[in-house]
Structure formats: C-alpha cells, structure tokens
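Colleague: Chain residues, written in single-letter form:
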Amino acid sequence: MAEPLVRIAGLRKAYGELTAVDGVDLDVAAGEFVVLLCPSGSGKTTILSMLGGFTEPDAGRIEIAKEDVTALPPARRPTATVFQDYALFPHMNVAANVGFGLAMHKVEKSERLSRVTATLAMVGLAGFGGRAIHQLSGGQRQRVALARAIAVVPKVLLLDEPLGALDLALRRQMQEELVQLQKRLGTTFVHVTHDQEEALSIADTVVVLNKGRIEDMGPPRRVYLRPATLFTATFMGESNVLPGQVAEATANRVGVETALGILRSEGSAAPGAAVHVALRPEQLAVAPAADRQALGRARVIDLTFQGNHLRCHARSTNEEGTPLLLRLPFDTPIEIGNEVAIYAKPTDAVVLTR
Amino acid sequence: MRRPFRHLPAVAYMLLMAVFIFLPVAVLIQYSFQNGMLPVPPFKGFSLQWYAKVFQNDRLIAALRNSVVVGGLSSLAATTLGFLAAYGLARTRPHAAAAMQFALMAPITVSYLIIGMGLQIVSNQLGFEKSLLLVGIGHVVINMPIAFAILYSQLGEHQANVERAAHDLGASDWQALILITVPMLWPALLAAFFISFTLSWDEFVIAFLLSRFDVTLPVVIWSMLRTGLNPELNAAGTLVFATSIVLVVLVELLLRRGRRANG
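Note that the protein sequences, when read in sequence, are chains E and Z.
Mapping the first sequence onto this note's numbering, position 261 (from 1) lands on 261, and the numbers just tick up by one.
Mapping the second sequence onto this note's numbering, position 23 (from 1) lands on 377, and the numbers just tick up by one.
Since the hints were made in silico from the structure, they are not lab data.
Honestly, I wouldn't trust all of these hints.
Label-pair restraints from in silico Cβ distances [unchecked claim]: (1) Z/W528 to E/G237: 41 to 51 Å; (2) E/D68 to Z/G510: 46 to 56 Å; (3) Z/W528 to E/L185: 48 to 58 Å; (4) E/D68 to Z/R447: 18 to 28 Å.
Computed footprint of chain E on chain Z; a stretch qualifies when at least three of its residues, placed anywhere within it, have a C-beta under 8 Å from a C-beta of chain E [said to hold, decoys possible]: (5) 434-443; (6) 534-540.
Which chain Z residues stay away from chain E? Per the calculated CB distances, all over 10 Å, these [what the hints assert, rightly or not]: (7) Q384; (8) V394; (9) A431; (10) N584.
For every residue, glycine included, the Cβ atom is placed at its ideal position computed from N, Cα and C.
If we strip away everything but chain Z, and leave its shape as in the complex, we get (with noise of 0.2 Å):
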C-alpha cells in the first residue's frame, strides 16, 4: 500500500530546521532591499539605493579592502605554517608526534575572547600599537589550525607512496615536494586557504579588540549598528554573507575534486 504522507512528519521537520536557522538571514537580505528608511516591516518595494549607498561610504570601503588585506595575508600565513607542520609531522614522524599535534590543534578549543584578550595583554607589555597587523596575527591563530587539520588528513600512507616513487626515481626531499607534494595537494591547499579566509572575513572578537583606527568590516558594521537600524547596513551585511557563500561552495567543490583525483 502507498502512503504518500509517510515523509511528512520527517520534512516538516526539515522545513522547520531550514526556517530556524535562515529566517533571520533571509529577512536580513530582504530589508536590504528596502525602498524606505527603516529596515523593519512593512516592505515597501524594491530598491537598489542602499547598495549604491554601500558603495560611496568610504568608511565601509575602506574596511572591505582591510578585511581583504587581512584575511587574505593571515590566510596565505596560516596555510603555509599549517601545510609544513603537517608534512613535517606525517613524514619525520617524531617521537612526541601526538603531542605535537595536539599542542597544534590546542587552539581551536580556546575561545576567540580569550585569544584577542591575551594577544591584546602581550601586545600591550611588548609596547605594540593596536593594528591590522595584530588582528592578522590573531587570525593566524586561530586559522593556522585548521590548516594543519585540512593538510595533514591528506598526507596519509598513499600520498606517502606516491612521494616515495618520487625517491626512489631519484628525487631529493625538494624535487618531491615542489614537483609532487604540493601540485597534488593544490585543492586541499586552496580549500584550507578559504576556510581560513572565510573565518577571517566573519571574525569580529579579534579583530574588535586588536584594532584601533584601521578596522574591518565587521567592526565598522558593529559600530554603525550602534547609531540604529538603517537597509544600509542590511545590504552590507549581505555583501559578507553573500562573499562567505562564494568561498565555501568554492572550498566544497575544491576537496570534492582532491579527493577525486586521489581516490
């Protein structure tokens, strides 16, 4: 017998979890369409104006290109820091590896409060100014991580084969690394690459507490929510979330084609 309301129950479920979490996302981009002042009900029309507006504050242009300089810089770090402690851990294999690893991984566990704060203490006692160098250096920290998380699950026992073919054909240490490690790695390189960029490009604890006068988008944002709602803001909000998507779309369709190519 066919019951064709079997699922029912299973996807309105579904359907409730999907409000939950991107209603208030959702709402977000529709009010940044707003033909009005205010970005709260009821919506009068559509309109570009408030992304026009976006683009002709200097404020919010000035925190884009820092927030691009800063995830892209902290990123670049944290993915090459991240790529050596992972190649240099699968294939010296040192006595203390698990505990390096785990002194490696330590910081994802640490909140991002208490990070900014202790960068902040340290920075202060070495007379450091508050700077975008400072908040890339906190994104590095809590990036750097993941890259090695990313990295380091691909450097398994065929990887390591293929490298040993690459020897035994006469290779040194960095004939194989530049001309078969790294080229196979590419996707997973690139995919840790945006993760960590896409956690810097959202950050706002960090990079709140680090900066003083250059700051990033989340913290102009932060600030302007201060002076009240405005669809300006909306539709910057939605310029962040819209970016953050691109990248990780992007990152999922760079791991799928890296473990095609190697599976």
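Only chain E is shown next, with the shape it has when bound in the complex (with noise of 0.2 Å):
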C-alpha cells in the first residue's frame, strides 16, 4: 500500500470498567471506502468519534495526511462527520446547513452559494435550498447531512451509522448511492455499522471489531469467505463451525479430523492443534459431485421455503449429532424426516486457530 492517508497506532479508550478501543492499529489509503464492523457498544463509535475529535483517546495516535491531528479540535481537523441523529440545525433551511461548514471557512458568499447549489444537486436534493428541515422526511434529512458534511471538502468523511433510522428499502438505495458518491468524489470514507450485509455490500476494506480489537479485516469477499477468526466466521453471516483436530498437516494445507470426517483444506496448523472447521450453508449440499467429498449422513429436521432456496435445519446421523444448517436449491426434492448424504468442497472449508 502506497502512504496511508490515515494512521492509527495504539489507539485505546475505556470508560471506566469498560475498555471500549483496547489497542487499535489502522491505516486507511486516500480513496478507501473503510466500514468498521461490530456488533453494537464495541467501540466502532468511540474509534470514530476520536477520528473526529469529539472523544480523547487515553493512548496512541492519529495521523492524517502525514500530520498528527491526536491533540487537535474538530475544527481545526481535515475530517466532516455525518452523525448517526444527523445533529442538523433546525432554525436554519437547508442551504444555511450545507453552507454553514463554508461560512464559518469565511468562503465568499458568491463561492458559498454555487458549491451549496452543486452539493445539494450530488445528494438529489436539487432545489430543496429553501426548506426548513422540520419540512422533511427522514432520507431527506439524511441526505442534508451528507451534503453538509461533503461540501466543505474534506480528506475523510466519517460516517456514524447514517443509514440506521431509514427502512430497509430506502436503506439498500442509500448504500448504492453512498457507494456511487464515494467513488465520484474520491473522498476517503470510514463508516460505521453494526449491518453485515451493509458492510459487505458497500466497503472496500471491512474491519471486524469484537470487543474493542481488531478480529480480521479485508476486502468484504475475503472476509466473507475465508475469515480470519471464530468470531468473524460466526458474525459475517450464518456459519456451520465444527470444532476438530489437525490430523495432518503440510506447508499450506491441513487436514482436519472432525465429527464429519477429516476435511482437508488450505491453512496452516500445527499437528495436533485443537481448531475449527467454518462451512457456509450454501457450501453444504445433498448431491454428489466430482470436487466434493462426503460428509456421512444427516436427517433433515426443519425446511423453511424462503423464495429463491430452501433452508435447511439437519441433524448429522453420526454419534454426536452433529446439527448442520444447508441452504440448498429451492426446487431439491426434500422432505422433513429424509435422510439425505451431506457433501462438500473441502477446498470451501475454512481452518480457524483463531
């Protein structure tokens, strides 16, 4: 990675008892669209509100555009926050929002109104200038708080769970139009969520945070697909985790031994090593193929039709039963109380030490 714009090093914070930033190293590239993922009151907030400059951290540093803004003011910081209420001024219209960040950068009033006008026009609220803001919906009101934030340009846009208050409708459109803002404006963003799906769908890098530390982070595939560490597999979405032990290993590849058998996969572990084996539920399937390998049987024991697949609730045939979740092909000719063979890419199969 070229220079990051942005470095956090050794970054912590409690309150009180509790530790909510417990030793966080960062570095975000210019043009990164980051998503710092938890589930809720695990510090995703506090990090951001230090990145802002609201919140004092109790050690380490931040780094902006090689300057060290650790001790510095919001204002007098290269950053714009979207706040999770929106926090807008609701004596002023709409235009005086947007444009009070350029007022108070004593911006000439000329300048101030046409990058107001051009703003408004970037977030689709083209002509709304002169509304109150009591005069608008919810996603509107979203909307003027992005539009505050962007139009005093700033290197990074922090973005507080803006989306959280909207239905899912609306949500899903404002993640594409975040995504298509991000990439037109060229603005580093770090936004936080406690949506997986959100995360995957919009960030370049996601963060996984679990109790104030860093659990994996990359790109939302990877993260999706092969994660890091227990935990991510059972967040990011619903995983099949089945605790086993290294039977065999080589330079890269393990072989575990698990309830279902011995499953060989890519990673490294020591021989020996207590580890567990993460399989999606897509990954799982009732029928025989060339690259999947058998994974003895189970008795199906709950099926939910969810539209475009079946959803599988199964218990394996083995000693320990071991209970298994499959989404499989919605037209599987399946019923409850069948017993069906269970397979799998072992290719699929992610080794956690972690």
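Could you use the hints to bring the two separately framed chains together as a complex?
Modeller: See below:
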C-alpha cells in the first residue's frame, strides 16, 4: 500500500471499567471506503469519535495526511462527520445547513451559494435549498447531513451509522448512492455500522471489531469467504462451525479430524492443535459432485421455503448428532424426516486457528 | 350496555376542585365590576369605574412601573445567569457537577421569607438602603434556579451533538454558542424569562421586606388593603391576575414550540 492517508496506532479508550477500544492499529488509504463493523457497543463509534476529535483517546495516536491530529479539536481536523441523529441545525433552512461549514471557513458568499447548489444536486436534493428542516422526510434529512459534511471537502468523511434510522428499502438505495458518491468524490470514507450486509455491500475494506480489538480486516469477499477468526466466521453471516483436531499438516494444507470426517483444506496449523472448521450453509450440498467430499449422512429436521432457496436444519447421523444448517436450491426434492448424504468442497472449508 | 352516568362522580369531583380553586378569583373579578362602593354582595350591576380609578391612581401606576422594571431586569439577569450556569455545567462536565447542580438548585427549597430576611440582614450590615435594586437581587436569587432548571433540561445529548456538528464544520466555541445554541434555545430562553417575570410580578414577601419608598404592585395593594375593602383593589388585583395568566399561556406555547422544533 502506498503511504496511508489515515494512520491509527495503538489507539485505546476506556470508560471506567469498560474498555471500548483496546489497542487498535489501522491504516486507511486515500480514496478507500472503509467500514468498521461490530456488534453494537463494541467501540466502533468510539473510534469514529476519536477520529473526528470529539473523544480524547487514553493512548495512541492518529495521523491524517502525515499530520499528527491526536490533540487537534474537531474544527481543525480535515474530517467531517455525518452523525447518527443527523444533528441538523433546525433553525436554519437546508441551504444554510449545507453552507454552514463554508461560512465558518470564510468562503465568499457567491462561491458559497454555487457550492451549496452543486452539493445539493450531488445528493439528489436540487431545489430543496429553501426548505425548512422540519419539512423534510427522514431520508431527505439524511441527505442534508451528508451534503453538509461533504460541502467542506473533508479529506476523510466519517459516517456514524448514518442509515440506521431508515427503512430497509431506503437503506439499500442509500447504500448504493453512498458508494456512487464516494467513487465520484474520491474522498476517503470511514463508515460505522452493525449491519453485516451493509458492510459487505459498500466497503472496499471491512474491519471487524470485537471487544475493542480488530478481529479481521480485508476485502468483503475475503472476510466473508475466508474469515480469519472464529468470531468473524460466526458474526459475518451464518456458518457451520465444527470443532476438530489437526490430523495432518503440510506447507499450506491441513487435514482436520471432525465429527463429519477428515476435512482437507488450505491453511496452516500444527498437528494435534485444536481448531475449528467453518462451512457456510450454501457450501453444504445433498448431491455428489466430482470436487465434493462426502461428509456422512444427516436427517432433515426442519425445512423453510424462503423463495430462492430452502433453509434446512439437519442433524448428522453420527454419534454426536452434529447440527447442520444448509441452504439448498429451492427445487431440491427433500422432505422433513428424509435422510440425506451431505457433501462439501473441501477447499470451501475454512480452518480457524483463533 | 351504555351507562351515561358512569363518569358522573369524576366530573363532579373535577367541578368541585375547579370551584374550590377559582371561586375566590372569580368573585374578586366579579366585584371589580361592582357598581357601588363595596366589593361585597349584593352585586349592584356592571361598571368600569374602578378600572378608571386604577389608571388615575398615581401610587398604583408608579408601583406598576416599578413591578415591570424589577421584573424585567431581574428576569433578564436570572435567565442570563441560569443559561450560563446550565451551558457551562452541561458542556464542560466538571468533576463536582452533581454538587454544583445541587448548589444551583438549592435556593428553590428556601422560603421567600428566609431569603428576604437574609438579604435584609446582609444589606443592613453592608450599609445598603432598602431599595428596588435589593428587591431585584432577591428576585434573581429565587428565579435563577428555575431558569437554570428549564435551560439545563434543553441541553441534552441531541443538542450536544448539534453543537458537535457545528464545531466539526469549523465553528469556534463562540460561533457555536451564538449561531447554534442560543437560536435553538430561543423558546426555552423566553420561557425562562417569562416564568421569572411572572414569579417576580406576583412576589410579595421579599418585595415587602426589602423596599421602602418605591414599592412594587403587590406591596401597594397590600398597604391599600389595610385601609379597607374597595372595588378599586379588586380591579388592580384583576389586572395583576390577567397579566400572570397571559404570561403563563405564553410560556406554555413557547415550551411546546421548543419541543416540536427539537423533537
């Protein structure tokens, strides 16, 4: 990676007994769309608040564009925040809200007006400048908050669960618009959410946090398909997690002895080590194929039709009666009570040592 | 089955309560229109003569002016001080915040008589004459905690976030205060001012203890009462009451508007 735009090192923050951020190191490249993802209350908002300058870290430093901003107040940082509750100025109209930052930066009035107009057009609110805030819908307020923050052309835009208050359809639409806007502006976005699907669909890089530490980070595809830790595998969507023991190990392949037999996949671990193997529900099949390995038989105990697929709970016929979750094609001929053979591609299996 | 009289006891109770509370005021108002020399039954017909007398009474008019000046200036001081205390406490979160809040609110629990006596003793020792200025200071003491409580309640987390947004966009502390906080708090600031004014307007004990030649309206009315009942006093009392009612309604409207704008 080239010289990062944002460099966070050893960041730490505790509130009394509770450690919200416990030693976070994170580099963000210029123009990157980073999403901090974690269950609520696990420090993602605290990290964002320290980036924006609203919360003072207990330890660590934050650099933006090679400048140490750790001790700078929000007004002197090259960041702008889209707040979760929007925090719009209710006594000003839309144009005054969007132009507020420019006025504070002493941008001349005629230029201010043209930039406000351009920014409003960019977020799909052309012609809304004269409206009062209380006349706007939730989605429109969200856009005003966004416009107000990007109007000052920040180096880093911080988004604190900005879509949390919107209904599902609008949230999906705004996710797409955010991605388009980010590509168009080329601004670095640091976005915080607890919604895994949102993180996967908008991020260039997903950072998974748990208990104030980074569990995993990388492109959404990699984080979803090859999670680095047990927490990530279970938090990022559903997984079948099988405890096992490393039976054989070569340079970059391991065979793990599990209740469903030996699974051979990529990875490295010491022979004899206790590990977990994760398989996504859609990676289990009930039909054989050339590259699939048999994993014994299981009895179907519950089936739910979900439109494009069947959600199937099954229990292995082995001694442990291992519970399994499958996502099968919707036309699979299968009934509750059936006994079926289970197959999976060994290469899909993720060996988790942590 | 419909039971048309189901609510009868509740309605009757409410009416009794209303009569208990408002009958004396209603009678006072009724006899301010008495067409006769005494504000006692029988009611001899409708007349505005006593109101005309009120407005010709120099003592009452002077006291009215004093009440407006004392109320206006003491309420302005109480609201300003209450706002600064609330803003400072809410935004800087000092170590002993809870203790400070308690100290700021404590005067509410002290009776007006004690506050008036205390101020009288202190001013005596410092060699100050009794005056309307002292009355005003007394009214700041009783009203500042109320203004503080109203304004402190408006400076919650959402308001703090809006101020954070202003700072984030480059505003200095002063700019955020003048451009964001004060305009957003206008309804609450006005409400605090008018509540203070209403309490000052009606206040008798402190005004009585701390004034000498120049007095406020309640003190004049009290001294006139000593010479006997007179419909002119009913008229003056009605005017005082009407002013209070108008101010209370105004405060209620302002606080509602504030809640809607920030809700």
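Colleague: Now tell me, hint by hint, if it's right for this structure.
Modeller: Evaluated hints:
1. Z/W528 to E/G237: 41 to 51 Å: Given about 49 Å between the Cβ atoms, the range holds.
2. E/D68 to Z/G510: 46 to 56 Å: violated, 33 Å
3. Z/W528 to E/L185: 48 to 58 Å: 31 Å Cβ-Cβ, so the 48 to 58 Å window is violated.
4. E/D68 to Z/R447: 18 to 28 Å: holds, 26 Å
5. 434-443: violated (count 0)
6. 534-540: Check passed, 4 qualifying residues.
7. Q384: Fine: 44 Å to the nearest Cβ keeps Z/Q384 off the interface.
8. V394: holds, 54 Å
9. A431: Holds, since 25 Å exceeds 10 Å.
10. N584: holds, 50 Å
In this structure, the hints that do not hold are numbers 2, 3 and 5, in rising order.
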